[in-house]
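*Asks:* Listed here are the chains, written in short residue letters.
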Amino acid sequence: MNGLDVSEELTADLLVRFLRSEAGKFGFERVVCGLSGGVDSAVSVALAAQAFGAENVLGVMMPYRTSNPSSEADARVVTEALGIASRKVDISEMADGYLEGSEVTDQMRRGNVMARCRMIVLYDLSVEWQGLVLGTSNKTEILLGYSTQWGDSASALNPLGDLYKHQVFQLARHLGLPSEVIDKAPSADLFEGQTDEDELGFTYEEVDRLLVKMIDERWTEGELVAEGFNESFVRLVAGRIAANQYKRLPPIIAKLGPRSVTHDFRYLRSWGR
Amino acid sequence: MDCRMHLAQLEPTLGNLDANLAMHAEAASNAASQGADCVLFGELSLTGYFLKDQTSEVALKRGEGPLERLAELSKDISIAAGFVERGEDGQLYNAYGFWEDGELIGVHRKVHLVTYGMFEEHRDLAAGFDFDLIESKHGRFSVLTCEDAWHMQGPMLAFHAGADALLVPSASPARGVVADGDGIGSVQTWGRVLSSWALLTQTWVCHVNRVGFEDGIGFGGGTRVVDPFGQDTGLLEGLDPGVLDARIDSAALDRARVALPLRRDERAWILARELAKNAEAGGWEGKEG
Chain L
1 MNGLDVSEEL TADLLVRFLR SEAGKFGFER VVCGLSGGVD SAVSVALAAQ AFGAENVLGV
61 MMPYRTSNPS SEADARVVTE ALGIASRKVD ISEMADGYLE GSEVTDQMRR GNVMARCRMI
121 VLYDLSVEWQ GLVLGTSNKT EILLGYSTQW GDSASALNPL GDLYKHQVFQ LARHLGLPSE
181 VIDKAPSADL FEGQTDEDEL GFTYEEVDRL LVKMIDERWT EGELVAEGFN ESFVRLVAGR
241 IAANQYKRLP PIIAKLGPRS VTHDFRYLRS WGR
Chain F
1001 MDCRMHLAQL EPTLGNLDAN LAMHAEAASN AASQGADCVL FGELSLTGYF LKDQTSEVAL
1061 KRGEGPLERL AELSKDISIA AGFVERGEDG QLYNAYGFWE DGELIGVHRK VHLVTYGMFE
1121 EHRDLAAGFD FDLIESKHGR FSVLTCEDAW HMQGPMLAFH AGADALLVPS ASPARGVVAD
1181 GDGIGSVQTW GRVLSSWALL TQTWVCHVNR VGFEDGIGFG GGTRVVDPFG QDTGLLEGLD
1241 PGVLDARIDS AALDRARVAL PLRRDERAWI LARELAKNAE AGGWEGKEG
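So the protein lines, in turn, are chains L and F. Take the first sequence: its position 182, counting from 1, is numbered 182 in the numbering used here, and each next residue is one higher. Counting the second sequence from 1 gives a position; the numbering used here is that position plus 1000.
In isolation and in its complexed conformation, chain L is listed as follows (with noise of 0.2 Å):
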């Protein structure tokens, strides 16, 4: 036991219980999902395979002009191994109608537009497609901070929140997905090259291990040293987790009146559903 794994038919089980639960509440039996090559789309849109059957799922590739064709060939695998619907939308021309236009070269700013054009096109493709947007955010991502606010983390219901990147690829390996999408290096794919882990500087087992046991399990930053994690990792992430807390909440807004959004006008979006 390392703290991490989950038991993967359990987890499975809950989840397609809570897309076919949560989106039916809505009307929707379908949904739209980016897929990038990677693990966290494919778990996505297998779990919603099951849910809604893989006729209702719409996968959608959507490379910009510098994207490795590797990732679009493995999300092709996906598709193919699970039978459901797929889509490709180049978004080179309307990320370049800005990014050209106003010369944009930081890499970061480059990624974040991509990640926003992305998010439009699901958007709009979730009308035509009439499903909601799925998300593949794992929690591991989400409590870092490592991802484009409203680009890749924006979705309707998102499957992956509270699963560490270890537990997404355990329920990869469980579903049986094309070892195309576990055996690489997870990579956003914004340059070529780039891995997640280079980028983060640190591996995901080294810090799924680590948030296991600072968030779920509330240990302090001192028994953590003393159990033998690198006190200025610990900071470091601890430190990331809090800078980002605000892409994991909704905009803030000033109070003034006796009951606002956000604030003390409290309903779960399950109202009366």
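Among the clues, some could well be false.
[Stated by the list, open to error] No more than 20 Å apart at the CA atoms, straight line, and that leaves these computed lysine to aspartate or glutamate pairs for EDC-like: (1) L:K184 to L:E206; (2) L:K25 to F:D1254; (3) F:K1052 to L:D264.
Just so you know, these hints were derived from the structure itself, not from any lab. As the structure is a prediction and not an experimental result, all values here were calculated from the model.
Once you have looked at the hints, place chain F on chain L.
*Replies:* Here is chain F on its own, set in the frame of chain L:
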């Protein structure tokens, strides 16, 4: 006592009294037609759980429409169900009513409201102060609403009052999906807690949970009946709505109490004396009255 119970594990709609009342009526009617004596529903079964600002909007005074409908249905079968009660004092309570022969014969107001982690009951509800027995024609029942079963005083008072069964309605979220955990962690933990209370209070335990999701929080099911030896006699596996059909009787209570005379040997006066000493010494200062 020889009572055939139907424990109805529902998936209520959040804040939709009409839809939920229809579910109750259907389950009660089915239970009656199948010969059950009593049908039990879960915590806040008429309203759904994470009500937040809906709490006051779905609150009912005793005798109001939907509750009168349950009273009417109870002419055919005894019914226990959860609702938000608007008390005569104007406070809102997490209530569990028991209807029999057309009358509301008892209401338990949840004593131990949960206000930690994902729960915020005390923000919207007032706490009850009593663990009165419900004297049904089918037996003497003590109601422990969810968290009430996680504190010792409720089961202990039921034990001293001579309850035949603990009725434990809950709206317990499913938590814990660890590998090799033998199912959902929270459901397993409930099993251990309820088995302990059945064994130690020498009563039957009827636990009714719910299923379904409210904004991503799934409820864990695990509706079960435990005999006075602490053994499950019925359990709803899985996460679907369903009905557990179970019989509870006096014979098992008698056997348990002869085999292990806990009630005979209990020395409640020591507990009463020690608690009084504690109170006198100011140990409870600052606690609510």
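*Asks:* None of the hints should be skipped; say for each whether it holds.
*Replies:* Do the hints match the structure? See the list:
no.	hint	result
1	L:K184 to L:E206	holds (17 Å)
2	L:K25 to F:D1254	violated (48 Å)
3	F:K1052 to L:D264	holds (10 Å)
Violation of the numbered hints given earlier is confined to hint 2; every other hint is satisfied by the structure.
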